[in-house]
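S.K.: Chain residues, written in single-letter form:
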Amino acid sequence: MSGNYGRISRDGLWDNNIVFAQILGMCPTMAVTSSATNGLGMGLATTAVLLASNAIISAVRDLISPDVRIPVYIVLIATLVTLVDVSLNAWAHDLYKVLGLYIALIVANCAVLGRAEAFAAKVGVGEAAMDGLMMGLGFTFALTLIGGIREVLGAGTLFANAHLLLGPAFAFLETTVIPHYKGYLLMILPPGGFMVLGFLLAGRRVIESRRAARAQLVAAEAVAS
Amino acid sequence: MSLEQLRGKLFYQGVLLGAVALLTSAALALAARVTEADIKAAEAADLKQSLTQVLPGEYDNDLLKDTVTLPGTEGDVLVYRARRAGKVEAVVYRMIGHGYAGALVCVMGVSREGKILGVRVIKHAETPGLGDKIEPAKSNWIHSFEDKWLGEPPLEKWGVKKDGGVFDQFAGATITPRGVVKAVKGGLEFFGQNRAALLDEAAAEGATK
Numbered sequence: 057m058s059g060n061y062g063r064i065s066r067d068g069l070w071d072n073n074i075v076f077a078q079i080l081g082m083c084p085t086m087a088v089t090s091s092a093t094n095g096l097g098m099g100l101a102t103t104a105v106l107l108a109s110n111a112i113i114s115a116v117r118d119l120i121s122p123d124v125r126i127p128v129y130i131v132l133i134a135t136l137v138t139l140v141d142v143s144l145n146a147w148a149h150d151l152y153k154v155l156g157l158y159i160a161l162i163v164a165n166c167a168v169l170g171r172a173e174a175f176a177a178k179v180g181v182g183e184a185a186m187d188g189l190m191m192g193l194g195f196t197f198a199l200t201l202i203g204g205i206r207e208v209l210g211a212g213t214l215f216a217n218a219h220l221l222l223g224p225a226f227a228f229l230e231t232t233v234i235p236h237y238k239g240y241l242l243m244i245l246p247p248g249g250f251m252v253l254g255f256l257l258a259g260r261r262v263i264e265s266r267r268a269a270r271a272q273l274v275a276a277e278a279v280a281s
Numbered sequence: 074m075s076l077e078q079l080r081g082k083l084f085y086q087g088v089l090l091g092a093v094a095l096l097t098s099a100a101l102a103l104a105a106r107v108t109e110a111d112i113k114a115a116e117a118a119d120l121k122q123s124l125t126q127v128l129p130g131e132y133d134n135d136l137l138k139d140t141v142t143l144p145g146t147e148g149d150v151l152v153y154r155a156r157r158a159g160k161v162e163a164v165v166y167r168m169i170g171h172g173y174a175g176a177l178v179c180v181m182g183v184s185r186e187g188k189i190l191g192v193r194v195i196k197h198a199e200t201p202g203l204g205d206k207i208e209p210a211k212s213n214w215i216h217s218f219e220d221k222w223l224g225e226p227p228l229e230k231w232g233v234k235k236d237g238g239v240f241d242q243f244a245g246a247t248i249t250p251r252g253v254v255k256a257v258k259g260g261l262e263f264f265g266q267n268r269a270a271l272l273d274e275a276a277a278e279g280a281t282k
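Residue numbers (my numbering), protein chains in the order written: chain A, 57 to 281; chain B, 74 to 282.
What the hints contain is simulated information worked out from the structure, not anything from laboratory work.
Model, not experiment: these values are computed from the prediction.
All C-beta atoms, glycine included, are put in the ideal place defined by N, C-alpha and C.
Be careful, since some hints might not be right.
Stretch-level coverage of chain A by chain B, calculated; a stretch enters the list once three of its residues show a Cβ under 8 Å from a Cβ in chain B [what the hints assert, rightly or not]:
| id | region |
| --- | --- |
| 1 | 119-125 |
| 2 | 139-151 |
| 3 | 215-226 |
Use the sequences and the hints to build the structure in full.
M.R.: Here it is as structure tokens:
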């Protein structure tokens with residue numbers, strides 16, 4: 057069983073990462089990753105929704121008719137997103153002002169529906185919740201990475217406005233990487249997002265193919281000996 | 074009848090969808106009720122903060138409650154009045170300009186004498202790095218309006234330098250500052266036309282009598 061959870065974690069964080077492997081959720085990915093802080097905030101909000109939607113859908117999976125499952129999932133996910141939206145607005149208003157526009161986009165993130173359909177509807181609550189958490193953290197990692205790269209290249213800062221997201225204690229995260237930088241506008245605009253994502257995907261392919269080649273080599277040696 | 078068989082029945086599916094819709098709307102209604110007061114308070118605090126940015130000095134009334142609505146050139150304008158000892162010392166209102174990428178929502182504070190106390194663009198969608206120098210965090214430009222009125226600079230000089238005015242434009246972005254200048258000028262004209270109503274002169278005279 058623990059091996060199973062390990063597999064789920066690996067899948068969510070790297071092997072089957074929502075952005076880097078499944079290439080899902082591109083709409084929020086491109087929209088919010090103009091800075092690392094925005095990416096992190098969007099990632100965490102999506103994680104909360106994924107965790108809750110996976111757990112709930114797994115818990116009621118026996119009651120749901122396969123014929124009407126999609127509308128049921130969509131209504132559940134939309135409700136969860138709205139709950140996150142109003143609670144942020146009420147209790148984390150400064151953060152809401154930064155992210156508010158994008159929270160509603162989580163509904164349009166097909167990764168949430170995708171996990172419900174492909175995974176949560178078939179397994180127990182524990183595994184489904186773990187999958188939601190790990191897929192969410194993988195998504196957060198991807199968004200923060202893309203956001204960080206775009207922010208450094210585009211504005212010369214990293215984690216600007218982090219105190220709005222995480223509280224004043226995290227103001228130390230806010231760094232100016234390149235002082236007196238005039239900024240490179242293209243990176244902040246949508247094309248920059250596509251370019252950064254393209255290079256990251258290429259980089260991931262290089263890592264994966266090297267790893268596969270090494271595994272093949274090891275297997276060949278084992279056969280030879 | 075087992076759950077498996079039941080799930081295939083149209084009747085069950087209808088009830089299921091109905092139940093899901095009912096439960097989720099109940100959850101939303103509950104959440105809306107729980108958060109309503111907090112959201113209102115947060116929004117009022119936001120509004121007050123954006124108003125006091127363009128309103129230096131001390132006032133003794135509740136800005137958000139002392140309002141008057143007057144017809145402007147582009148629809149009704151909601152005006153907040155700041156008083157000291159019952160006398161209106163300054164007014165704050167919103168003006169909409171037209172930028173490169175949609176509306177530029179400006180708030181401006183104007184003193185009793187018709188001088189600008191401050192201007193902020195609170196909502197815009199201008200190009201980052203070019204047009205967004207209208208934000209005080211990016212440039213001092215927005216402060217160039219302070220203490221100006223319709224005689225200083227003279228009326229025909231109320232434009233960006235490219236149009237023969239006195240206000241700077243930005244390299245690569247003229248439309249944005251032009252839109253803001255036009256909105257601010259329109260705001261001052263609005264003040265001139267409605268001065269008596271804005272300053273609540275009738276009430277002030279009544280108080281001195």
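S.K.: For every hint, state whether the structure bears it out.
M.R.: Now for the hints, and whether the structure bears them out:
{"no.": "1", "hint": "119-125", "in the structure": "holds (count 6)"}
{"no.": "2", "hint": "139-151", "in the structure": "holds (count 7)"}
{"no.": "3", "hint": "215-226", "in the structure": "violated (count 0)"}
In summary, the structure is inconsistent with hint 3 from the numbered list given earlier, while agreeing with all the others.
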